[in-house]
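Participant: Chain order of the listed sequences is A and B.
All the letters of the first sequence, read from the start, carry residue numbers 1 to 293 under this note's numbering.
All the letters of the second sequence, read from the start, carry residue numbers 1 to 569 under this note's numbering.
Since the hints were derived computationally from the structure, they do not count as laboratory data.
Treat each hint with caution, since some may be false.
[Stated by the list, open to error] PhoX-like cross-link-like pairs, simulated, lysine-lysine; straight-line CA separation at most 25 Å:
1) A:Lys282 x B:Lys520
2) A:Lys35 x B:Lys210
3) A:Lys132 x B:Lys438
4) A:Lys25 x B:Lys567
5) A:Lys25 x A:Lys35
6) A:Lys64 x B:Lys210
7) A:Lys34 x B:Lys438
8) A:Lys244 x B:Lys438
9) A:Lys2 x B:Lys520
10) B:Lys367 x A:Lys64
11) A:Lys22 x B:Lys553
12) B:Lys113 x A:Lys245
13) B:Lys363 x B:Lys353
14) B:Lys442 x B:Lys13
15) A:Lys172 x B:Lys42
16) A:Lys2 x B:Lys364
17) A:Lys244 x B:Lys519
18) A:Lys35 x B:Lys113
19) B:Lys308 x B:Lys367
20) B:Lys97 x A:Lys22
21) A:Lys2 x B:Lys543
22) A:Lys2 x B:Lys210
23) A:Lys34 x B:Lys113
24) B:Lys298 x B:Lys308
25) B:Lys438 x B:Lys353
26) A:Lys25 x B:Lys520
27) B:Lys113 x A:Lys64
28) B:Lys364 x A:Lys132
29) B:Lys519 x A:Lys2
30) B:Lys567 x A:Lys22
31) B:Lys42 x B:Lys234
[Claimed, not checked] Covered, in the sense of this in silico footprint (three residues per stretch, anywhere, with C-beta under 8 Å from a C-beta of chain B), are these stretches of chain A:
32) 3-9
33) 17-29
34) 117-129
35) 143-151
36) 179-192
Each residue gets a CB set at the ideal place from its N, CA and C atoms; glycine is no exception.
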Amino acid sequence: MKVSTPMMYDIVFRGIDRNYQKVAKYQEVVSSGKKIRYISEDPVSVSESLIYRRDLSSVEENMKGINEAKSWLVATEGALSSLSQLLTRMKTLAISQATGTANEETRKDTSYEVENIASQIRNIAATRIGGKHIFSGYKTDVAPFSANLSNTAYYGDSGEIEIFIENGVRIKKNVTGDKVFVDTEVLDIANDLRDALQSNDVSKISEQIGRLDNAISKISAIRADIGARINRVNMAYEREEDLKKTFTEILSNTTDADMTEAVSDLSLAQVVLKATLSAAAKSLQTTLLDLMF
Amino acid sequence: MGFGINNALDVAKKAIYASQLALSTTSQNIANVNTPGYTKQKLILSTEEPLNLAKGDVGRGVRVENVARVYNRYLEESLFDTVRSYGRWKTEGEKFKRIEDIFDEVSENGFSKTINQFWESWQKVSDDPTDESAREVLVKNAIFVSQELRRIKSDLKVISRDIDEEIKGVVDDVNSIVKEIASLNVKIVDHESIGANANDYRDRRDELIKELSEKIGIQVVKTGDDKQVTVLLKDTGEPLVDAGFFWQLSTDQDASGNLRVFWKDPSGYLKDIGEGGGGILKGLFEVRDDRIGSYIQKLDNFANTLIKEINKIHTQGVGLSLYDEILGDYETKDVNKPIGSQDSGLPFYGLVKDGSFSIKVYKKDDKSLVEERVINISKDSTTLSDIKDSIDASGYLSAEIDNGRLKIKAATGYEFSFADDTSYSLSALGINVFFSGKDSDKMAVSSNITSDVSKIAASLTPYAESDNRNALNIVNLREKKVADGGKLTMDESYRSLVSRIGVDAREAHRNLEHEETIKKGIEERIQEVSGVSLDEEMINLIKFQHAFSAAAKLIEVADRLLEDIIKMV
Numbered sequence: 001m002k003v004s005t006p007m008m009y010d011i012v013f014r015g016i017d018r019n020y021q022k023v024a025k026y027q028e029v030v031s032s033g034k035k036i037r038y039i040s041e042d043p044v045s046v047s048e049s050l051i052y053r054r055d056l057s058s059v060e061e062n063m064k065g066i067n068e069a070k071s072w073l074v075a076t077e078g079a080l081s082s083l084s085q086l087l088t089r090m091k092t093l094a095i096s097q098a099t100g101t102a103n104e105e106t107r108k109d110t111s112y113e114v115e116n117i118a119s120q121i122r123n124i125a126a127t128r129i130g131g132k133h134i135f136s137g138y139k140t141d142v143a144p145f146s147a148n149l150s151n152t153a154y155y156g157d158s159g160e161i162e163i164f165i166e167n168g169v170r171i172k173k174n175v176t177g178d179k180v181f182v183d184t185e186v187l188d189i190a191n192d193l194r195d196a197l198q199s200n201d202v203s204k205i206s207e208q209i210g211r212l213d214n215a216i217s218k219i220s221a222i223r224a225d226i227g228a229r230i231n232r233v234n235m236a237y238e239r240e241e242d243l244k245k246t247f248t249e250i251l252s253n254t255t256d257a258d259m260t261e262a263v264s265d266l267s268l269a270q271v272v273l274k275a276t277l278s279a280a281a282k283s284l285q286t287t288l289l290d291l292m293f
Numbered sequence: 001m002g003f004g005i006n007n008a009l010d011v012a013k014k015a016i017y018a019s020q021l022a023l024s025t026t027s028q029n030i031a032n033v034n035t036p037g038y039t040k041q042k043l044i045l046s047t048e049e050p051l052n053l054a055k056g057d058v059g060r061g062v063r064v065e066n067v068a069r070v071y072n073r074y075l076e077e078s079l080f081d082t083v084r085s086y087g088r089w090k091t092e093g094e095k096f097k098r099i100e101d102i103f104d105e106v107s108e109n110g111f112s113k114t115i116n117q118f119w120e121s122w123q124k125v126s127d128d129p130t131d132e133s134a135r136e137v138l139v140k141n142a143i144f145v146s147q148e149l150r151r152i153k154s155d156l157k158v159i160s161r162d163i164d165e166e167i168k169g170v171v172d173d174v175n176s177i178v179k180e181i182a183s184l185n186v187k188i189v190d191h192e193s194i195g196a197n198a199n200d201y202r203d204r205r206d207e208l209i210k211e212l213s214e215k216i217g218i219q220v221v222k223t224g225d226d227k228q229v230t231v232l233l234k235d236t237g238e239p240l241v242d243a244g245f246f247w248q249l250s251t252d253q254d255a256s257g258n259l260r261v262f263w264k265d266p267s268g269y270l271k272d273i274g275e276g277g278g279g280i281l282k283g284l285f286e287v288r289d290d291r292i293g294s295y296i297q298k299l300d301n302f303a304n305t306l307i308k309e310i311n312k313i314h315t316q317g318v319g320l321s322l323y324d325e326i327l328g329d330y331e332t333k334d335v336n337k338p339i340g341s342q343d344s345g346l347p348f349y350g351l352v353k354d355g356s357f358s359i360k361v362y363k364k365d366d367k368s369l370v371e372e373r374v375i376n377i378s379k380d381s382t383t384l385s386d387i388k389d390s391i392d393a394s395g396y397l398s399a400e401i402d403n404g405r406l407k408i409k410a411a412t413g414y415e416f417s418f419a420d421d422t423s424y425s426l427s428a429l430g431i432n433v434f435f436s437g438k439d440s441d442k443m444a445v446s447s448n449i450t451s452d453v454s455k456i457a458a459s460l461t462p463y464a465e466s467d468n469r470n471a472l473n474i475v476n477l478r479e480k481k482v483a484d485g486g487k488l489t490m491d492e493s494y495r496s497l498v499s500r501i502g503v504d505a506r507e508a509h510r511n512l513e514h515e516e517t518i519k520k521g522i523e524e525r526i527q528e529v530s531g532v533s534l535d536e537e538m539i540n541l542i543k544f545q546h547a548f549s550a551a552a553k554l555i556e557v558a559d560r561l562l563e564d565i566i567k568m569v
C-alpha cells in the first residue's frame, strides 16, 4: 500500500487523537467516580439504577412509617396492659365482695375503689401520642369518652388508621375505642359494679364477674392482635434495613467506578499517549528531502 | 544526411520541452501536497509517430499527450455516498449529547429524584395528615415536579429551535455550493474546449460535490463527455445543477411552526423536500421531528396522566378544613355545551362519565350535616350552566360562572365538602383538584392548595383529622398501571423514556463510528491512488532533471556535429 504524505500525517494524528480521548475518558471516570457519563454508554444499567434509586429512597420513607406505627402500637399495648390489670383487680374485688366474708360496710368501701378504677379506665381511654388520642379512630383530636362516669357515649369513630410500612404493605396502627371499651362493656361494668357495691346488691355484684371474664378475654384477644402487629412491624424494619444494604450495594456496583481500576487505566492511557507522541515525532521527521539535498 | 542531425535536434527539443513540463507538474504536486481534495497530476507521455522510411521506422521523439489527474472515479463516487451517511449520523450524535445532558440521570440529579420525593411526600402526609409541615413539603415537591417537567420540555424545544437555525445554515451552504458547481461546469467546458485538462477546476468541483453530499442527499450524473455534472435531489429527483443552470432551496415555517425546506422552481413553484434524502439535513430533521418530537410528546403524556390520575383521587377527598368558597381551575369555552364533550373546551372533558357527585354542607359551629346535595351528570348533556343551577338551588350554597369557571360559595356560618364523584366532573372542572394545567407547559399545583395546605384532601370524611384514606389511595397510585394506555406505571413510563433516549443516542453514536470507519477506509484508498507522496515527487525530480541534462547534452553534441559539417563546406 502506497502511503501519500498527507495520509502519513493523518494516520499519526489519528493515533494521537485516539489516545487523548482515552486519557480524557478515564480522567472523567476518576474525577466523577462514576462508570459512565452519558445514558447512551449503558442505557440498560441507567434504567436499572433508576429502579434501585427509587427503591432505596422509599426504604427511608418506609422506615419512618414503621417507627410511627410501632410507637402507636407500643403505646396501645401499654394502655391495654394497664386496662387488663384494672379489670383483673375489679374481678378480684367482685369475687371477694360477693362472698359471705364481706358486708355492707366493706362493700361500701370497695365501691370507692371501684369508682377510682372507673376513672382510671377513662384516663387510659384518653391516652395520647403526639397530642393525638389513640382510641378515637380517625377523630384523634377528640377524647373518645367523657370524664363524666355517667356518660358512656363514644365520641370517636370506627376509623382504623392504616400506614405504609413497606412498598405496597400497610398495617393498622390503632384499635378503636368502641372495640376496646364499648364492645367489652367495661365502662358499664365499672359503673354497675360500683352501684351494686354501693347498694349492697350481692347478686348484681356476682353478675359482674361473668361480664368481667368476658371483657378480660376480649381484651386479651385484642392484645394478641396488637402483639402480632408489633412483630410484623419489627420484621418489616429488619427487611427494610436489609433492603437498604442490598440496594446501596447494587447501586454502587451498577454506577460507581472501581477507583483502583480507573486510576490504573488512566495511568496506562497516559503512558501509551506519551509513547505515541514520541513515535509520532520520530516518524514525521525524515523524508527523502532530508537525505537527498 | 543533414536530415539525421536535424531530426536529432528536433527530438532533443521535444525532450527538453517534455522534461520542463514534467518538472512543472512535479512542482505543482509538491506545492499542493496538503491541499484538501487535490488529486496528484501526472504527465502523460507517448512516442511521436515514427517516420516510415524505406530502411525502417525512424523515431521522432516524445509527445506530451496531456497532464492528467491520477484519479479513480469509482472510489470518489463511493466516497460521495458514504459522506452522506456520515454527515447524518455525526449530526445526530452531536445533538444527542445535548439531549442526554438535559436528562441528567447518570448523576442522580435528574427528574427521577424529583418524582421520587413527590411520591414520598404523599406517603409522609398519609403517615400523619395533621402534620402541617409535611403538607408544606408535599406542595413544594409537587411544584418542583411541575417546574422540572416544564424545564425539560423547554430545553428540548431550545434544541429544536437551534436545529431550525442550522437547517437555514445548511440551506444557505447548499445554495452557494450549487451555484459554484454550475459555474465550474461552464468553466471546465470552456477550458477543455481548447484541449487541455481543467484539472484544478475538476478537483474543486469534486470537493464541492463531496461537501454537498455530506449536507443533503444528491445523485450525481456525469454528462457531456464527462465535462459536466448534473446534480439531482436523490429522493425526489428535482434538479439542483444542470450544465450552467442551478436551482435554489428555501425555508419556511409550516402551520405548527416547524421549519421545512423547499426546492424552488424559477416559476415560483415550491416543493417540500422532506428530510432531504440524507446527510446533515436528514440528521437535523430526524432529531427534531422523530426524536425530540416524540420525547416531548411522551413528556406531555406523562404530565397529563399524572395530573389526571392524581386529581381523580384527590377530588374524592376532604382536607383538614372545609371550603367556604371555591373557584374551579379549568375554564369552559361554552357554558351551554355538555362538559363531557370536546366543544366545552375543557382539557379533561374526556374524563367525564355518566354518574354524580355530592356536595355536603355543614354548620360550622356544631359540625352538623345540614344538606347533602347530589348533582347528577350525564356526560353528553349536562352543561356547566346546568351544574351551576343545580348547586345554586341549594338553600345553603350559591353558584355562579366566573369567566367560564364554576364558583361555589356557602352561606355565612356554613362550609362544604365533596364526595363520591363517580362522574369525574370535579376533575374536569378543576374543583377540589391537586394539580391544574394539562401538559408540561402549564402544569402547576392548584392555587386552592398553594394558598392553604389544609385543603390537601388526605381524608375521606370531614372533621376526622387522622383519616388518611385518600392520601393512602394516592400513594397506591404509584404502583397502578395508568400510563401508556394502561400498560405501565408512572415510574415505568418515565424510565422507558430515559431508556428510549439512551438507546436512540447509542444507535446514533454507533452508526457514526461505523460510518467514520468506512469513510476513513475509502479516504485512505483514495489517498493511495491520488495523494501526493513527497518522496515519490523527489524521485521524479531527479528523474526529470537527469532527462533534461541528457537532452541538453544531446543538443550540444548535435550542434557540434552540425558545426563540423558546415566547416566542411
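Participant: For each hint, tell me whether it holds in the structure or not.
Facilitator: Do the hints match the structure? See the list:
1. The straight-line distance between the Cα atoms of Lys282 of chain A and Lys520 of chain B is roughly 24 Å, inside the 25 Å bound, and the hint therefore holds.
2. Distance check on the hinted pair: Lys35 of chain A and Lys210 of chain B sit about 39 Å apart at the alpha-carbon level, beyond 25 Å; violated.
3. Taken as a hint, the Lys132 of chain A and Lys438 of chain B pair is broken in the structure, with Cα atoms around 39 Å apart against an allowance of 25 Å.
4. About 85 Å separates the Cα atoms of Lys25 of chain A and Lys567 of chain B, which puts this hinted pair outside 25 Å; it is violated.
5. A threshold of 25 Å between alpha carbons decides the hint, and for Lys25 of chain A with Lys35 of chain A the separation of about 10 Å falls inside it, so the pair holds.
6. Only pairs whose Cα atoms come within 25 Å are accepted, and Lys64 of chain A paired with Lys210 of chain B is rejected, the gap being roughly 65 Å.
7. The suggested pairing of Lys34 of chain A with Lys438 of chain B is violated, with an alpha-carbon distance near 37 Å, which exceeds 25 Å.
8. Between Lys244 of chain A and Lys438 of chain B the alpha-carbon distance is near 36 Å, which puts this suggested pair outside the 25 Å criterion.
9. Under the criterion of a C-alpha separation no larger than 25 Å, the hint pairing Lys2 of chain A with Lys520 of chain B is consistent with the structure, at around 16 Å.
10. Note on Lys367 of chain B and Lys64 of chain A: the hinted pairing is violated, with a Cα-Cα distance of about 33 Å set against a maximum of 25 Å.
11. Distance restraint check for Lys22 of chain A and Lys553 of chain B: the Cα-Cα separation of roughly 61 Å exceeds the 25 Å cut-off, and the hinted pair is therefore not satisfied.
12. Of the supplied pair hints, the one linking Lys113 of chain B and Lys245 of chain A holds, its CA atoms being roughly 19 Å apart against a limit of 25 Å.
13. With a C-alpha separation of about 31 Å, the suggested pairing of Lys363 of chain B with Lys353 of chain B is violated against the 25 Å cut-off.
14. Taking the CA atoms of Lys442 of chain B and Lys13 of chain B, the gap is about 87 Å. The hint is violated against a cut of 25 Å.
15. This hinted pair does not check out: Lys172 of chain A and Lys42 of chain B have alpha carbons roughly 94 Å apart, beyond 25 Å.
16. Of the supplied pair hints, the one linking Lys2 of chain A and Lys364 of chain B is violated, its CA atoms being roughly 97 Å apart against a limit of 25 Å.
17. Restraint check for Lys244 of chain A and Lys519 of chain B: not satisfied, since their Cα atoms lie roughly 50 Å apart, outside the 25 Å limit.
18. Proximity of Lys35 of chain A to Lys113 of chain B is assessed by CA-CA distance (about 19 Å); at most 25 Å being required, the pair is judged to hold.
19. Proximity of Lys308 of chain B to Lys367 of chain B is assessed by CA-CA distance (about 32 Å); at most 25 Å being required, the pair is judged violated.
20. Only pairs whose Cα atoms come within 25 Å are accepted, and Lys97 of chain B paired with Lys22 of chain A is accepted, the gap being roughly 18 Å.
21. A hinted pair counts as satisfied when its Cα atoms are at most 25 Å apart, and Lys2 of chain A with Lys543 of chain B qualifies at roughly 19 Å.
22. At most 25 Å may separate the alpha-carbon atoms for a hinted pair to count; Lys2 of chain A and Lys210 of chain B meet this at roughly 23 Å.
23. Note on Lys34 of chain A and Lys113 of chain B: the hinted pairing holds, with a Cα-Cα distance of about 17 Å set against a maximum of 25 Å.
24. At roughly 15 Å between alpha-carbon atoms, Lys298 of chain B and Lys308 of chain B fall within 25 Å of each other, so this suggested pair holds.
25. This hinted pair checks out: Lys438 of chain B and Lys353 of chain B have alpha carbons roughly 19 Å apart, not beyond 25 Å.
26. Distance check on the hinted pair: Lys25 of chain A and Lys520 of chain B sit about 23 Å apart at the alpha-carbon level, within 25 Å; holds.
27. With a C-alpha separation of about 19 Å, the suggested pair Lys113 of chain B and Lys64 of chain A falls inside the 25 Å cut-off, and the hint holds.
28. Taken as a hint, the Lys364 of chain B and Lys132 of chain A pair is honoured in the structure, with Cα atoms around 22 Å apart against an allowance of 25 Å.
29. Annotation: proposed proximity of Lys519 of chain B to Lys2 of chain A holds, straight-line Cα distance about 18 Å (limit 25 Å).
30. A hinted pair counts as satisfied when its Cα atoms are at most 25 Å apart, and Lys567 of chain B with Lys22 of chain A does not qualify at roughly 81 Å.
31. Restraint check for Lys42 of chain B and Lys234 of chain B: the C-alpha separation of about 34 Å exceeds 25 Å, so the hint is violated.
32. With a cut-off of 8 Å between beta carbons, the region 3-9 of chain A has 5 residues touching chain B; three or more are needed, and the interface restraint holds.
33. For a cut-off of 8 Å, the count of residues in the region 17-29 of chain A with a CB near a CB of chain B stands at 0, and the three-residue condition is violated.
34. Given a C-beta distance limit of less than 8 Å, the hint that chain B covers the region 117-129 of chain A is violated, as 0 residues qualify and 3 are needed.
35. A stretch counts as covered by a chain when three or more of its residues have a beta carbon under 8 Å from one of that chain; for the region 143-151 of chain A and chain B the count is 0, and the coverage is violated.
36. For the region 179-192 of chain A, the assignment as covered by chain B is violated, since 0 residues bring a beta-carbon within under 8 Å of that chain's beta-carbons and 3 are needed.
Of the numbered hints listed earlier, those contradicted by the structure are 2, 3, 4, 6, 7, 8, 10, 11, 13, 14, 15, 16, 17, 19, 30, 31, 33, 34, 35, 36.
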